[in-house]
Amino acid sequence: MNETHSLLEPFPQKEPIPASKQEGEAAEPVRIFRWRTLLQLDVASADWDILVLSTCLKLLLFPAYRSTDFEVHRNWLAITHSLPISRWYYDTTSEWTLDYPPFFAYFEKLLSIPAYFIDSKIVDLQNLNYDAWSVVVYQRITVIVTELVLAIVLQRFIREAADPSVQRIISVSLFLHPGLLIVDHIHFQYNGFMFGILLWSILMARNGNKLASGFLFAILLNFKHIYMYLAPAYFVYLLRSFCLSPTGALQPTKFLSLANAVIIVFLASLGPFILMGQLPQLLSRLFPFTRGLNHAYWAPNAWALVTAADRVLLKVAQRFGIEVLAINEAGVASTSRGLVGDTVFAVIPNVKPIHTFIITIVFQAIFLTKLWRLPSYKSFVTALTLCGYTSFMFGWHVHEKAILLVLVPLSLLAAENNAFFRTFMIASVAGIFSLFPLLFTPAETLVKIVYSILWALLVFEPLQRKVYEFPTSLPFVIIDVLEKVYLAGFVVLQIFVTLFPLFTQRSAVSTTYADTVNKTVHCGTDGASPCGVVGADVTSGSASGLEFLPLMLTSIYCAVGLVWAFIRLSVLYLKQSEDGIWT
Amino acid sequence: MDELNTAFSAEGSTARRRTHARNRSFVSQNSSQSVTQHTRPRLKTPSLRHRTSTPDSLRSTFSQSDIISPIPRRHHHLQAHESRLWLDTPPLSPTSTRAGSPGSTRGVTPLSLRPRHTLSFSSIAEHDPSRSHHVAHDKKSEDSMARRWVRWMHKHGIKNYVIPAAVLGAALIKWCIGLGSYSGQGTPPMYGDYEAQRHWMELTLHLPVKQWYSYDLEYWGLDYPPLTAYVSWLCGVIGNWINPAWVALDKSRGIESPESKAFMRTTVLAFDTLVYIPAIVLFTRVWQESRSTRTQHVALLTLLFQPALLLIDFGHFQYNSVMLGFTLLALNFFASGQDLLGAVCFSLGLGFKQMALYYAPAIGSYLVAKCIYLGPQKGRSLFIRLALVTILTFLLLFLPFLPPLAPLSAILDPIARIFPFARGLFEDKVANFWCASNVVFKWKVWLSRPQLVKMSAILTAVGFFPGVVTLLYGGWKHRMLSEADDKSRAKDSPSSSTPEPLLPLLPYALLNSSMSFFLFSFQVHEKTILVPLLPLTFLLSGSSSGSETFELGVLVNNVAVFSMWPLLKRDGLAIPYIATLVLWNRLVGYNPLRLNSQSFLRYLSLAIYTAMVSLHILELLISPPARFPDLFPVLNVLISTPIFALTWLWSIKRGVEVSWALGGLGPSSTPAKSSQPALSTLRPMLAERKPTLDRLTVNGLDGVPEENFNLTLDKDFIPNARQLKTRSLGFARGAKVLQRTASAELPG
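From first to last, the protein sequence lines stand for chains U and Z. Take the first sequence: its letter number 238 is residue 238 in full-length UniProt numbering, and every next letter is one higher. Take the second sequence: its letter number 685 is residue 685 in full-length UniProt numbering, and every next letter is one higher.
Bear in mind the hints are in silico, worked out from the structure with no lab data behind them. Being a predicted model, the structure only gives us computed values, none of them experimental. Treat the hints with care, since some could be wrong.
What the hints assert, rightly or not - Straight-line C-alpha distance at most 25 Å; calculated DSS-like pairs for lysine-lysine:
id	chain 1	residue 1	chain 2	residue 2
1	U	Lys121	U	Lys109
2	Z	Lys454	Z	Lys442
3	Z	Lys444	Z	Lys454
4	U	Lys466	Z	Lys159
5	U	Lys466	U	Lys352
6	U	Lys352	U	Lys315
7	Z	Lys159	U	Lys484
8	U	Lys466	U	Lys484
9	Z	Lys155	U	Lys466
Unchecked claim - Residues from chain Z shown here face chain U by an in silico Cβ test under 8 Å; the list is partial:
id	residue
10	Arg148
11	Ile173
12	Leu179
13	Ile575
14	Pro576
15	Arg586
Claimed, not checked - Cβ-Cβ distance ranges computed for the label pairs, FRET-style:
id	chain 1	residue 1	chain 2	residue 2	range
16	Z	Leu207	U	Gln126	48 to 54 Å
17	U	Ile118	Z	Arg594	31 to 37 Å
18	U	Asn127	Z	Leu604	46 to 52 Å
19	U	Ile118	Z	Tyr219	36 to 42 Å
The beta-carbon is built from N, C-alpha and C at its ideal position, and this holds for glycine as well.
Let's have the full structure, built from the sequences with the hints guiding it.
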């Protein structure tokens, strides 16, 4: 009974009035109206300010460092432009083969058409590592332009929000997210565009248009399959709140419409390849199960802590000669220098993909059960975040960039209350800091630090003022203090990371400055680039046993914060009362 | 009679401060109430605002409408001579969402009530005919990105972070500009300005001082004054510590590694942050002391993101902001009355880059004028002290080149390097008089170099003559005025520590002199436009959106960046060129295409922008004909020069206007004439003391003892006591001064 009540009135005080009043079919005219408003242009001058400011900044970042992802995407432009569709997933001219789902390939195809007219060499398949100014400007502009999807969707979030001024801060914080700036506009990827689609889908869920939400998410999945991390939450939420009636009865029409929408999307995406019988080849490209537990630079998740613990135990075992701890000899060499490859533990039993898979599933199942019992919008967003978070925490071969999957939906909950805000703050700081090693060149170091500080200042301060509560009991006071100390620790860590190479470099004598510069930077394929490691290599010049120390420390320190934020968020979510009122 | 008039200035400023707080709070309470109730819409009608501002209209001041809806007035304390309102005053603080508080509204105290020699510039602004168009426009159009952001910050209670965030944001933008290419990147064997600066580091680091100005002059010999050399040495030492290869003697020529580039960019950012940033932060505090915090913040943002400076210092690569920062610091010290420190700072600026000479006529004549104003005794001592301090600073700067450390002849090397008269009339294409007129009259063909040097010197002198004369004349005139005061009253002669009335003239004189140097002097670079841009941006930062100063300031800033386009294009800075221009125009709230007012300036701007854009499009589409390879740069010069010439003329015009406004037409016209109407307005207010006092006490403010107010007054002088009730609000403290003087003067 309690549950049905919660379904009928999920969050009366926060839901937009038309959506909460008109359930089911009655919502139809409202939806049509909204589709039209999406095209209207009523943007406040403050929003234009943000757009102008960020665009100017991004324009200035054109000459900044770009990772091999830049060449990866250029190569995809060339593949999609110069080869027939049947060859797309077979081409191996470049080592950067196409390993994104078909919608992204279509998207690249679309982008390659103007590229051909701007500079035909951009789409020349044999023209590897082409980095003329024309291709830099073109590709960077495509990122900025496609990111407008994100801008528009975030602007729509402000409309009909419970508190537009708070939602504006959150929207702007997402649009100007340092993670997106680092990964998209410097490192080079199209995350802004795809998070735009994700947020659009979430916006549709907020506005009660769940069919569109599912449809958009299906589209998103076919742009980049990493969003599968979030799929369980979508599945449960749509099934429970769209396909089932509040009493639990299946509503066949709704179910079929949703299923059809999803099937249509997948057919549009995979259809041609199924017809050509290339599905296995496509899937083998999308899911290469040949990688190790940790990424080269350990993503700051639970495994980073486990690996670190293994290192410590190894040292202890070697020091005191403890026989109880059987030392795996292969593991002694394995991760000591954080190099690419399979991680083999020296002391702790090795982890297999199946283990990570099971742990992830178990945790997700807990959160999804909660979502099943409390299928409201806010609950959905939290479960979505936690799904992504669980995959990030326990997944096999997680890349540090995947933290954006957590931070973006988590931002939507930032102003919920003080506890959520604190979680958001810790996760954001640790998550953004963990992205710093992506940019290792000296010039970009200042950009990422200054930009992140500014962002943190302008987002955290006003939000904190809205939600701040004094810790009421002793444990909370202690937690509060510890969290503050932890956050302050990032300053120390950054100083250490900055100065460390400076000193090792000086000791290594700078005679070899020329060859450190000329060293080519090799990164892995997209989603698996050991740029951080090679970067440390470039800056430090000489190989010493300690050259990976800054990276390792960064990874572990961020992992501590992210694990803590994960625990916080899990507890917050699971403790959430199910009577339909959030806090 | 006169005493009543001058009584304001007789009052010590500390006493004012004390009374200021309570009076002001009282006044703001009352007037804000009434304003919100009645007069908000009325504020927009220009007639109401202007009506009270002239002495002739004093009678109408007390008209019926005032009682129903009193117009908020700037507390007259803010009109006093400590305040520096004259930079221009916005109608109502545009960033403020509060109802018009006394501090944020325009001063409309009758002219004669203000201390005579301290007329503030805000009152002059009211008479600016060009402003009348703009008074009525709505608040929306005045909004700018900077104001919106500052308002947002203030609303969310984080106004303390405005300055750090703005400075950090500016640093980010600067650094991002620096990610791009620099002057002479990848162009051996000579490279460009970047290599020159880097070369100086290696030079000063590895060579003894006496070789600094003589070592291999063909390859970027040092040609800046010694402070630059010392700074280069310091950078060289740090660079050498991090990586000796960056600054190895001779071997490092043309080094272009990313690390060394990052290091070089860091040095610019560091010196900019050390000198220029404090200078502009102080500037907003000192020169705009009496303005609201929000307005100060907006002014700071305007200065921080000035595109021309960003592009040249952080894109092209130079250290202009150090010289400009020192000059600004000097101006700040002048404004706070610390002339000696100001002189030291300006000398340091000169010692860093000789371009600061463009300001020298204005600053020199300002200091001389101040000496004249202070009178024979104090003036002479100030003059001697200034001379000593300046000479000492220069001696210190050139110390290593002087005996006993070096033979006397050693000084000749730097001097010959710093003033390169051996070079041509102009280099490249620069938007000044010589280059522009060269299109029709080939100067280099018709005149020899010495003749050209002489001609340019004469023209430059003629160019900055008006600014110098206004300053000197102003100093003399005010001397006459204060002497006239001294005859009747032996006290209160000006002291050297208080800023004096000539200050408002200084920015215009600076603009006048630097612009005339830019237009007419010998060997000018296009980058030098930064020097005249500083005083103009400085005036612009305090002006209200839509005013003449604002329109011209933004136009000239944009044209200045445009005039450097050939240089920026060569440096590969096309994208930063667009990005910084767009950002800054958005920041100050300037839309080049908006034609909201029908002023001449607007039409001119529109024409200029059209020409600029067409030129860019032309350049993109067609390559110049072989006969005229320099077609586009020359067209650029022809578009830009008229605007700079116009600015030069404008600076003269405004200088004369301000000079007139500050002191009337001359020493003979002021004292006798103004005292009579002054008294006639004072008396009604004296009669008003009682009600005011009652209100003060009612509001829990301990006013002035009541028994002091039993004055006898001519009934003729009291138009209608009841009408005056509301007027008295702003005059609580003023009348206190009055009653004090009056009780001594008029027998009770």
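So, against the hints stated earlier in the document, which numbers end up violated here? Hint 5 contradicted; others consistent.
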